[in-house]
Amino acid sequence: MSARGIGWAALGVAMLGVVGWRLHRVVNLEPDQGAPFALVDARSGLPFTEATLYGTPTALFFGFTSCPEVCPTTLARAKGHLDALGPEAPGLRFVFVTVDPERDTPHKLAAYLGAFDPRIVGLTGSRSEVDKAMKRFGIFAQKVEHGDTYSYDHTALVLLIDRCDG
Amino acid sequence: MFAAALALTCLTLWTAPALPAVVVTDGWTRATPPGADNGSGYLTIHATAADRLIAVETAAARRGEIHSMSMAGGTMTMRPLPEGIEIPAGKTIALAPGGLHLMFFGIRAPFVAGAKIPITLRFEKAGPIRVELEVRPIGAR
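Line order of the protein sequences matches chains Y and D. Every letter in the first sequence is one number past the one before it in my numbering, and letter 71, counting from 1, is 71. Quick note, my numbering runs 1000 ahead of the 1-based positions in the second sequence.
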């Protein structure tokens, strides 16, 4: 728990009370759990790595834009929570990472998330970098074929990550 | 007079249309964000005689399917139900967020809040039933 970036713990009961996620998981990363990842912020095009998480409490969710239910409802809740935080909203960052980078280009992801709330950060990247991020955060995702298209079964928990500056 | 009334009553009973065996109510879907390829649909089915929902079609999407969704250990799992959904006699079956739902792959245009999406449900016995899904706001549940 001593090293920076290790032992990311709960945002705290107070924050959970504010945010009120029905489904959430407290992340406690071990340094040997997966390799560092390098994703891209869909809107700005800037790189987003584990170090980018430092400094701002983050709610992290993995999904995909073709997801019919759990992703849009979670994003709508995220918007509601950011609105409820009012002027304190910049104190919580909501990040949506696609598990489907093949279809979720930066442009598509940014347009999709913008319909919910432009404050929601979208991350995508190469398949291998997305896989690394999933492993780092213990996220499961499995492609399921549906005839000429596909969807993903995926972890649908919101991960709460503290400022990681301890 | 009595005979006339009786005759009228009989006539009324005889001409009264049979109540539909399957009634579908409260159909809705949620508005889709730009770039979303798929939509889902929810509704309530009540059958006075046992039946089975076997298919869904709509001009608003390339393909409609009947799906189940479940959450276990924090993982969302979605699967098609090729056998459809059994509707027992006298029971009400709800297709609702978090469970049974209609799935629309390849929507031809975004679903816009306030609009109505016409769909056709196919039942094994009752045949096709046309209903409209009211488009509720993005993220509705």
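The reader is advised that the hints may include incorrect statements.
As the list claims (entries may be wrong) - BS3-like mimics (lysine-lysine), calculated; alpha carbons at most 27 Å apart, straight line:
#, chain 1, residue 1, chain 2, residue 2
1, D, K1116, Y, K108
2, D, K1116, Y, K79
3, Y, K108, Y, K143
4, Y, K135, Y, K108
To be verified - Going by beta-carbon spacing under 7 Å, a handful of chain D positions derived as facing chain Y:
#, residue
5, G1035
6, S1040
7, G1114
8, G1139
Calculated directly from the structure, the hints in this document are not laboratory data. Where a beta carbon is used, it is the ideal one built from N, C-alpha and C, also for glycine.
### Task
Would you check whether S1040/D satisfies its interface hint, that is, whether its CB is within less than 7 Å of any CB in chain Y?
4 Å, holds
### Query
Are the Cα positions of K1116/D and K79/Y separated by 27 Å at most?
25 Å, holds
### Restraint check for K1116/D with K108/Y, where alpha carbons must lie at most 27 Å apart
25 Å, holds
### Agreement of K135/Y and K108/Y with the hint, judged by alpha carbon distance not exceeding 27 Å
24 Å, holds
### Message
Holds or violated: the hint that G1114/D contacts chain Y, with Cβ atoms closer than 7 Å.
### Response
15 Å, violated
### Query
Hint check: is the beta carbon of G1035/D less than 7 Å from a beta carbon of chain Y?
This hint holds: G1035/D lies near chain Y, its Cβ roughly 4 Å from the closest one there, short of 7 Å.
### Message
So, as I understand it, the hint says G1139/D touches chain Y; can you test that by seeing if any CB pair is closer than 7 Å?
### Response
Interface hint status for G1139/D: holds (2 Å vs cutoff 7 Å).
### Message
For K108/Y and K143/Y, compute the direct alpha-carbon distance and say whether it is at most 27 Å.
### Response
With a Cα-Cα distance of about 19 Å, the restraint between K108/Y and K143/Y holds, given a limit of 27 Å.
Hint 7 from the list above is the single one not met by this structure.
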